[in-house]
Amino acid sequence: MQPVLELKHISKRYPGVKALENVDFRIFAGEVHALLGENGAGKSTLVKVMTGAESKTAGEIIIDNVAHEFATPIAAQKMGISTVYQEVNLLPNLSVAHNLFLGHEPKRYGLIDHKAMTTQAEQLLSRFKLDIDVNADLAKYSVAVQQLVAIARGVAMSAQVLVLDEPTASLDAEEVQTLFAVMEQLRSQGVAIVFITHFLDQVYQISDRITVLRNGKQVGEYLTAELPQTKLVEAMLGKELQQLTARRSNPDDKHMAGDDENAVTFSNVSAKGSIQEFDLEVPKGQAIGLAGLLGSGRTEVCNALFGIDTLSSGSISLGGKVLQLSQPSDAIHAGIALCPEDRKTDGIIAPLSIRENIILALQAKLGWWRYLSKTKQQTLADFYIDKLQIATPDADKPIGQLSGGNQQKVILARWLAVEPTLLALDEPTRGIDIGAHAEILALIKSLCDEGMSLLVTSSELEELVAFANKVVVLRDRKKVTELKGQQLTSQHVMQAIAEG
Amino acid sequence: MFKQRYLPLWITTSLLMVLFLIGSMQFDGFASSRVVMNLFSDNAFLMITAIGMTLVIISGGIDLSVGAVIALSGVATSVLITQYQWHPLAAFALILPAGTLFGALMGTIIYSYRLQPFIVTLAGMFLARGLATTLSEQSLEIDHPFYDFVADFGFELPGAAWLDLSTLIFASVFLLAILLMHYSRLGNNIYALGGNEHSAQLMGVPVKRTTITIYAASSFLATLAGIVFTFYTFSGYALAAVGVELDAIAAVVIGGTLLTGGRGFVAGTILGVLLMGVIQTYISFDGSLSSWWTKIVIGLLLFFFIVLQKGLNGKPAKTITSH
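Protein chains in written order, with the working numbering: chain A, 1 to 500; chain B, 1001 to 1323.
Calculated from the structure, these hints are not laboratory results. Be aware that one or more of the hints could be misleading.
Said to hold, decoys possible - Far from chain A, some chain B residues (derived; all Cβ distances over 12 Å):
#1 GLN1026
#2 GLY1261
#3 THR1294
#4 PHE1303
Claimed, not checked - List of simulated lysine-lysine pairs, DSSO-like, C-alpha gap at most 30 Å:
#5 A:LYS272 x B:LYS1310
#6 A:LYS140 x B:LYS1310
#7 A:LYS107 x B:LYS1208
#8 A:LYS78 x B:LYS1208
#9 A:LYS18 x A:LYS344
None of these values were measured; they are calculated from a predicted model. C-beta: ideal position from N, C-alpha, C; glycine also.
Full structure from sequences and hints, please.
In C-alpha cells:
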C-alpha cells in the first residue's frame, strides 16, 4: 500500500534554531496516525510544513509519487490536506456558518446562498451533535464549541488528509467521545487523520500508528498495538529505563536540610479549566519537583500559586496564613515568585538592559514612588551578574542580546532580588545549553541551603530527581503520586507518568 | 429578530429619526421630500467615499488619502476638460482607472512591507494633494455642455424634489457594495481579514489579493466621489475636500462599524452620513447657530458611539490559548 502523504527528510531551520532535522513521516488512507512528542519536539513545526503554513528548509513532500511544494495553506488545501490548528484559528467576528464555509460558500446565480449555507452548516454540525444557531457570531460560543466548529470545518472541506493539532485540549470527556466517533466515521471513509495530542490514553483509544519526535528529530514510527505505554513514554522522554537506575548516593540526606515548618501548603486546590483537587506541602528550604507530561497540570500549579489563575475551591496558605491571590502582585507581596516557562514572551523585556530587567520585580514590590536610585540598581545588578556568573560586559547590555541561559539567569536574578520565601521555577533549564544547566542546578541547591523553598517544574526527569527532595507526579491535571526517599528515581517517576 | 450585532445600527436609525422629528416639529418645510433628497445629493460624494472607507475599516485598515484623492480627481478632470479639451467622459475613462491603480499601489505597499495602513495612506494623502496642487493651484471652472446636461439630468419627485445623477450614482454604488459585502466571497474575506488576519490566512483567505482590492476599491470610490463633486461644484480645486477622510471615518463609526475591524455594515455608514447631514440641515434651518455646531455635535456623537462600541465589545473575543 502507498501512503497518501509522505514527508521525506524534512528539515526546518529558523534563525539560530533547528526546529526539524531530517524527519520522515507518512500516513496511509483510512488510518489515525498519532504524532507525539514533548513540548518543543517539533510537532507543530512539522504540521506547519505539512500544511503550507511554513516552508521547509530541506526535504520532500510526496503525494501520489509527485513531490509538491506548498507555498500557502491554500495550496495544501487544494491538494486535500486540511488542518485544524492547536489554537483555534477561526474568526470570532463571523457567524458559525461563515466560519464553516469561508472560501467554500455555496452559491446561487453567482451570489452567496445564505439559506443553503445555513442548512448545510446545521447538517454538518449535527454529525457532531451540536445544535446551535449557526447564524450567531462564533464569539458567543464556548471554546469547546469553537473547537468542534473548527474540526467540522476541516471535515467539511472533504479532505484526504485531516490534521488535528491538539483537538481535545479544550473538550470535556463526552465531547471527546463525540469527536472520536466522527474520526472513526471519517477513517472508515478512507480519510487519513494526523492526530496530535498529549493525552496518551486518547492515543491508545483512537490511533492506529504512532510517530514520535524528540528535539526536532524522529525517534521512530510504531504500530499503536505493538507499543506499550511505558515504551512510548521512553521514546518521548528519550531515556531508556534501564539506564536510569537510581544513581543518587544518599537521597535521604537532603531531608535534613529543612525543618518541618511548611512554607506553602496547597489544600484541595481546584481552578476552572486547570488543576483539580490538588494537595501539596512545600517545606521550608526544600526543593519540590513537579513532573508530568505536557498539559498534565505542571504549569497550572505555578499559575495558581502566582495568582494568574483564580481558584474555584481550596486554598493556598503560606506559613499557616491563607493567601488571597487574585493577581501576581498579591503573590509577590506575599513572598512568592515565579520564573515563567516561556522566557521570551512572559519573562524578558528584550530591549531593556540587564539592570532594568533585574530590578523590575523589586521595584514593583516596593511601589513606584519608592524609586531605587541608579547606584542601588547598579550595585544590585553587579551583585547578581557576579553571583550568577552572567556572561556580559556590563549591566547595560539589552537582555535580548544575551544567550538563552544568560537570559534565564537574569530572570532568576530578578526574582532573587525580591528575596522570596518561595520561588517557583517553571522549566528553568528549557532551551539553554548544558553548561548553563549545571550552573542553574547548582544555584537551585544553594538557594535551598539558604532556606528558600523551591517548586520546580521540569521535563528533564534526571535533573529533577537529582535536586528535588520530593517529586510530585501529575497526570491529566491531577496529582498521581508523590515520590521521595528511595522511591525517588527517574525510573519510578517515568512509570508514574506513564501508568498513572 | 433582534441581534446584538445590529444594535448600533438601531441606535443610529433611532437618533436619525428623533432628530428629523424634532426638526420637523420645529421648522416648517423640514419634513419634506425636498430636504431628504437634498441630503442625498449634497452628501452623495461623501457617501460614496464613506462606503469605500467602510470596506477599509471593516478589513481592519484605514484610508487617510481619500480627501486628497477627491481633490486630485476633481483637478485632473478639470485640467483635462478645460486645458486639453477632452470630453468629460473620456477624462473619466482615464481618471477612474488611474485612481484605482493609485489605491492598488498603496494596498500592495501595505501588504508587501507589512506597513501600517495609517502611515502608507498618509503618504498617499500628501502625494495626491501635492499632485493636485502641481496640476493647478487655482480653482478651475468647468464649462462644458456635458456638465450642463448633467446638471439638468434627473427625475422630478413629488414635493418639488429632484432625483439627480449624483444620487443615482450613489444609489448604484450602494447596491453594489451591499452585494459585495454580503453576497460575495470577497465580502466575506474582507470581514475575515478584519477579524484576524493570521487566522484568515490559515483558513485560506487570499490576504494579498484582498488587501490590494480593498485599497483599490477605496481609491476608486474616492476618485468617483471627486467626479461627483465636480458635478456639484462645476470646478476642480486642489484644496477642496480637506478633511473629508475624517468625515468619512466619523460616518463609518457613527454607523456602527468597529474601528478595530471585523464588524460593521455599509448601510450603517449611510445612516451615519445622513445623521451628520440632518444635524447640518437642522443648524442651517435654525439660522442662529454657527455652522461649527455641526462639528461639536458630531464630536459628541462620536464619543458616544466609541463608548457604546467599547461597551458592546468590551470583552475580547474568546479564543483558545495553548500551553
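A quick look at each hint next to the structure:
1. Once the 12 Å rule is applied to beta carbons, GLN1026 of chain B is consistent with being away from chain A; the minimum gap is 40 Å.
2. Remark: the non-interface label on GLY1261 of chain B conflicts with the geometry, its nearest Cβ contact in chain A lying 8 Å away (cut-off 12 Å).
3. Here THR1294 of chain B stays apart from chain A, with its beta-carbon at least about 32 Å from theirs, past the 12 Å limit.
4. The non-interface label for PHE1303 of chain B is consistent with chain A: the shortest C-beta to C-beta separation is roughly 24 Å, beyond 12 Å.
5. Restraint check for LYS272 of chain A and LYS1310 of chain B: satisfied, since their Cα atoms lie roughly 27 Å apart, inside the 30 Å limit.
6. This hinted pair checks out: LYS140 of chain A and LYS1310 of chain B have alpha carbons roughly 17 Å apart, not beyond 30 Å.
7. Taking the CA atoms of LYS107 of chain A and LYS1208 of chain B, the gap is about 23 Å. The hint holds against a cut of 30 Å.
8. Taken as a hint, the LYS78 of chain A and LYS1208 of chain B pair is honoured in the structure, with Cα atoms around 18 Å apart against an allowance of 30 Å.
9. Between LYS18 of chain A and LYS344 of chain A, the direct Cα distance comes to roughly 17 Å. Compliance with the 30 Å bound is thereby established for this hinted pair.
Taken one by one, the earlier hints fail for this structure only at number 2.
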